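Student: Sequences and hints are given; from them, build the entire structure.
As given, the protein sequences belong to chains A and B, one line each in that order.
So in my numbering the end of the first sequence lands on 572, straight run, no missing numbers.
So in my numbering the end of the second sequence lands on 572, straight run, no missing numbers.
Hint data in this document are derived by calculation from the structure and do not stem from the laboratory.
The reader is advised that the hints may include incorrect statements.
Identical chains share a label here; the pair holds if one copy fits it or two copies do between them.
[Claimed, not checked] No more than 25 Å apart at the CA atoms, straight line, and that leaves these computed lysine-lysine pairs for DSS-like: (1) K369 <-> K460; (2) K460 <-> K548; (3) K120 <-> K310; (4) K369 <-> K548; (5) K517 <-> K225.
Given the structure is predicted, the values throughout are model-derived calculations rather than measurements.
2 protein chains.
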Amino acid sequence: MLKLLRIDVEKQHFLFEELSPEYARLGGRALSSSIINREVPPDVDALDPKNKLIFAAGILAGTGFANSSRLSVGSKSPLTGGIKEANAGGNAASNLAKLGIQAVVLEGRATGLTTLKIDADGVSFVDAGPIKGLGNYQVIEDLKKAHGDKVSIVSIGPAGERQLKAASVSVTSPDFYPRMAARGGLGAVMGSKNVKALVIDSKGAKGVEIKDKPLFKAAASKFTKGVLAYPMIEGLNALGTPILVNMINGMGCLPTRNYSVGQFDKAHQISGEHMAELMSKRPNSVPGHKCMTGCVIGCSNVFTDEKGEVIVSGLEYETIVLTGSNCMIDDIDMIAKINWACNDIGVDTMDVGAAIALAMEADILKMGDATGALALVSEIREGTDNGLLIGNGCKVTGERLGSKRIPHVKGQSLAAYDPRGLKGTGTSYATSAMGADHTVGNAIPNPLSQYDPASPKGQAEMSSFLQIYHAAIDSLGICLFASLPALDFADLQGHIVQGVAALYGETLDRDYIKQLGIATLKAEREFNTNAGFTKEDDRLPQFFKDEPLLPSGNVFDVSDEDLDRVNAF
Amino acid sequence: MLKLLRIDVEKQHFLFEELSPEYARLGGRALSSSIINREVPPDVDALDPKNKLIFAAGILAGTGFANSSRLSVGSKSPLTGGIKEANAGGNAASNLAKLGIQAVVLEGRATGLTTLKIDADGVSFVDAGPIKGLGNYQVIEDLKKAHGDKVSIVSIGPAGERQLKAASVSVTSPDFYPRMAARGGLGAVMGSKNVKALVIDSKGAKGVEIKDKPLFKAAASKFTKGVLAYPMIEGLNALGTPILVNMINGMGCLPTRNYSVGQFDKAHQISGEHMAELMSKRPNSVPGHKCMTGCVIGCSNVFTDEKGEVIVSGLEYETIVLTGSNCMIDDIDMIAKINWACNDIGVDTMDVGAAIALAMEADILKMGDATGALALVSEIREGTDNGLLIGNGCKVTGERLGSKRIPHVKGQSLAAYDPRGLKGTGTSYATSAMGADHTVGNAIPNPLSQYDPASPKGQAEMSSFLQIYHAAIDSLGICLFASLPALDFADLQGHIVQGVAALYGETLDRDYIKQLGIATLKAEREFNTNAGFTKEDDRLPQFFKDEPLLPSGNVFDVSDEDLDRVNAF
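Tutor: Rendered as structure tokens:
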């Protein structure tokens with residue numbers, strides 16, 4: 004059984020703790036949300052030392068089960084004031100599990116900026132003075148030099164040190180690109196703990212014990228085969244998540260010009276198809292890149308310039324839309340540079356992209372001005388007034404600038420799907436304890452299904468179902484794209500449950516996934532209620548209800564009664 | 004030298020008249036506009052017997068020069084109150100020229116509904132009682148039966164008989180599909196003359212005399228080769244004019260929801276690519292169909308249903324957009340049926356499509372309701388209040404319904420290019436004597452050129468240049484698509500001039516095309532000025548200046564000063 008590693012960063016004390024009955028058999032988001040709900044005072048300020056920061060490996064981490072190495076980062080969010088979990092790929096979760104650690108719990112506040120080295124010997128507290136103020140890329144470079152290239156590095160950039168509300172947490176991929184647990188300002192919590200980085204080294208670790216190896220192997224193998232047989236996977240491998248640009252634009256739901264319209268006239272310029280064409284001509288570009296250990300899909304990329312120099316990895320759909328079409332920016336190379344700058348500074352491209360669009364609407368820079376947008380992002384590093392503004396995300400920026408059209412729920416900006424045409428996704432935006440978020444329950448219609456994303460009816464059911472499923476998936480540590488095939492092919496869910504049962508050497512309820520998801524959502528809901536959230540917080544901004552989304556003319560018209568049914572477990 | 008055939012339909016008298024010096028060497032639009040300007044009192048009501056209706060063959064008609072058989076129909080327009088020329092393919096112009104007729108001039112009003120039979124013997128006046136009230140398809144069928152399948156038939160449907168302002172004139176293709184001289188309500192003028200049809204039979208005609216045959220042959224051959232070598236021609240042949248749907252949608256300039264937005268989320272469903280896919284599976288569908296004698300391109304189609312029954316031929320871009328995306332209708336089969344109904348009733352799909360969108364905005368039927376739209380078009384035939392309303396076109400419909408967003412200039416509805424993103428086209432819409440029209444000077448950017456269609460600057464020059472060119476092309480009888488290659492490859496213009504010179508056995512000025520165009524535009528401008536038009540009529544509706552076109556945010560901001568420079572010859 005894996006353990007909790009509690010680290011009191013103030014006292015430089017650490018403790019390996021057996022999972023108490025409340026936390027037993029949990030991992031990933033389920034575990035981090037349970038810990039936050041049970042241990043963090045709901046009314047504490049998110050940047051107070053009494054808040055805790057959790058790094059939880061998923062239930063299947065380190066086992067070799069396909070695509071199950073997501074690392075959940077959890078805390079009370081400085082952006083939303085509610086409970087938060089954001090996860091990223093990389094190999095940190097796998098290394099933690101191999102070290103026998105289900106989750107690391109950071110408590111207190113270090114007196115000086117600190118790097119935590121976690122290995123088979125326990126925890127070392129290293130002075131982070133030499134890397135203070137550095138961007139994530141340099142931090143990774145320096146720590147790799149110091150600790151070797153077998154480690155995982157979790158770090159924050161200048162935005163996290165500044166405790167800005169859109170600050171992200173970086174987790175390295177196996178080839179040392181930063182991947183982001185971007186949402187909810189968890190980098191600011193890490194900054195508030197005066198922790199610059201974690202270095203996780205699994206050398207000498209005993210690995211994860213699987214109780215019934217033959218059964219596990221059979222389940223894992225069937226799951227992998229099922230994922231690879233799923234029709235969409237080939238396209239994801241070839242074009243990555245940017246495959247969605249033309250799809251969602253074609254549906255008229257691509258956030259454009261601060262959610263003013265659902266299609267972008269320059270969509271082709273920022274599409275996966277166009278990127279693939281560019282990458283085929285550019286040296287060193289890598290389509291089908293794998294962001295984490297054990298990935299069998301490869302939906303990421305390494306995006307290079309014409310000379311073959313890496314601009315960023317990976318350049319993903321949400322970033323492309325929020326810093327691209329939503330800001331009327333059509334230059335994919337500039338978007339990639341903005342992405343790099345956000346990664347280096349350590350901010351969420353989505354909340355910052357939404358903030359830039361608001362700054363454009365307020366004439367701080369011109370709509371579509373890519374050079375200006377990149378310069379504005381760089382100002383976060385410099386700490387100018389405008390830099391600090393957008394570094395605090397879309398809500399703070401919009402309120403400061405007097406915007407009447409701030410696309411956020413519970414303080415977190417919306418993702419790259421307009422909720423007026425995709426009302427199931429809109430229902431998830433509204434009702435998730437996480438604030439507006441696409442990974443909690445994104446209802447993209449399958450061409451073969453009868454699901455109508457534009458109907459006001461039936462969205463509560465669709466969103467509830469997906470929120471439960473994805474809460475479980477986030478707890479298992481499985482990536483979103485490996486989880487999609489199991490939505491259409493129910494036998495794949497059986498293979499997941501069988502894999503966990505084999506890992507534990509136990510029989511699991513056939514409703515295991517549903518129960519895991521519901522327990523997670525309940526804990527999150529309970530924390531938020533105790534923190535003062537009411538059903539009035541489960542609403543989309545008024546303009547999505549009033550302004551028809553052209554061309555469809557759709558408004559978000561899922562009833563409040565339906566929204567209130569989503570979390571009625 | 005070809006002659007004028009003047010027909011006094013009231014007195015049942017006809018006269019072959021030598022072309023007077025003012026009309027000599029003119030044809031097509033140049034000739035019809037000159038006749039209107041010199042002979043029609045500018046303040047006469049368009050439906051008064053004193054108005055004249057001209058059917059003019061282009062200068063190159065009947066010679067075998069590629070794509071030069073357009074028939075110009077001209078008159079004072081009941082829709083705009085100004086001068087009007089609309090042209091169509093088919094083989095009527097070719098047959099007229101072979102009969103030695105450069106243009107037919109209809110004068111007066113017949114006492115009973117009449118069919119005019121024009122052949123080598125002159126004109127016969129045939130009682131049209133048996134075909135009164137019939138749609139164009141039945142009229143064509145009946146007249147073909149009576150006069151054989153070597154004739155050309157020019158006819159009106161019930162809308163023309165009712166003298167509705169959006170009534171069109173039908174001209175048969177070589178395979179007896181109706182092609183439409185659709186714009187400006189010229190069908191109503193024909194109806195006001197109590198003429199149901201012209202049957203043109205060139206049997207026994209002596210044909211067109213070409214003065215220098217070897218030179219002509221050389222010029223015609225080089226022109227054909229040049230046209231066929233033009234890069235866009237292959238796409239036009241494969242997909243037809245609907246190739247523009249995805250192109251213009253991608254540019255964010257596709258009229259959608261009564262010109263509310265520049266992209267349609269269901270554009271793929273009505274695109275040339277989708278049509279080609281459907282047609283490849285449907286029996287009897289014909290891509291690359293030729294609408295007229297001597298065509299070397301083949302950009303039309305015969306669009307059939309799944310069983311192979313013809314729905315309509317040809318289903319073209321402007322129709323698809325005005326009755327499709329602009330009404331939020333995404334069912335290409337329903338659009339084809341609406342097209343058929345408009346052709347049969349004899350109304351312009353564009354003005355009627357624009358009127359339907361206004362009726363949808365006014366909740367007479369639901370936005371996107373294809374079945375309702377088809378039923379509404381059918382009401383034109385029945386003569387219900389709503390039918391008569393939309394049969395009178397977009398301006399009458401919008402004013403009657405109290406719309407503040409009526410997309411028209413000089414009473415004629417805009418074409419399928421939003422002027423806010425395509426400002427050269429918008430400048431042509433505003434300043435043409437014809438009212439809003441795409442064929443007079445459509446400035447679609449060539450990917451290779453430096454032309455910026457969204458700039459407020461330089462559009463007067465672009466529009467002036469194109470209006471002069473297309474006025475000449477319409478006078479030569481050459482189709483728009485054969486004329487485009489000559490815009491990019493100037494030597495092709497030389498071949499056209501050489502062809503005309505060889506036809507006449509004369510030397511022509513190297514500025515021949517420009518002079519022909521300017522003379523035509525001057526005549527049209529003069530008529531309109533005398534009819535009371537001022538520069539205030541050369542403006543787009545206010546909403547194109549006030550409402551930003553999403554997503555680009557463009558407004559139409561070409562200055563009034565620039566618009567007033569367009570016609571300052």
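Student: Go through the copies and call it for K517 and K225: within, between, both or neither, with a Cα cutoff of 25 Å.
Tutor: within (21 Å within a copy, 74 Å between copies)
Student: Taking 25 Å as the upper bound on the Cα-Cα distance, should K120 and K310 be classified as within, between, both, or neither?
Tutor: neither (37 Å within a copy, 72 Å between copies)
Student: Please work out whether the CA atoms of K460 and K548 approach to 25 Å or closer within one copy, between two copies, in both situations, or in neither?
Tutor: Within. Shortest intra-copy distance 15 Å satisfies the 25 Å Cα cut-off; inter-copy 38 Å does not.
Student: Classify it for me, K369 with K548: is the Cα-Cα distance of at most 25 Å met within a copy, between copies, both or neither?
Tutor: Result: close only across copies, 20 Å inter versus 27 Å intra.
Student: Taking 25 Å as the upper bound on the Cα-Cα distance, should K369 and K460 be classified as within, between, both, or neither?
Tutor: between (39 Å within a copy, 20 Å between copies)
Hint compliance for this structure: hint 3 alone is broken.
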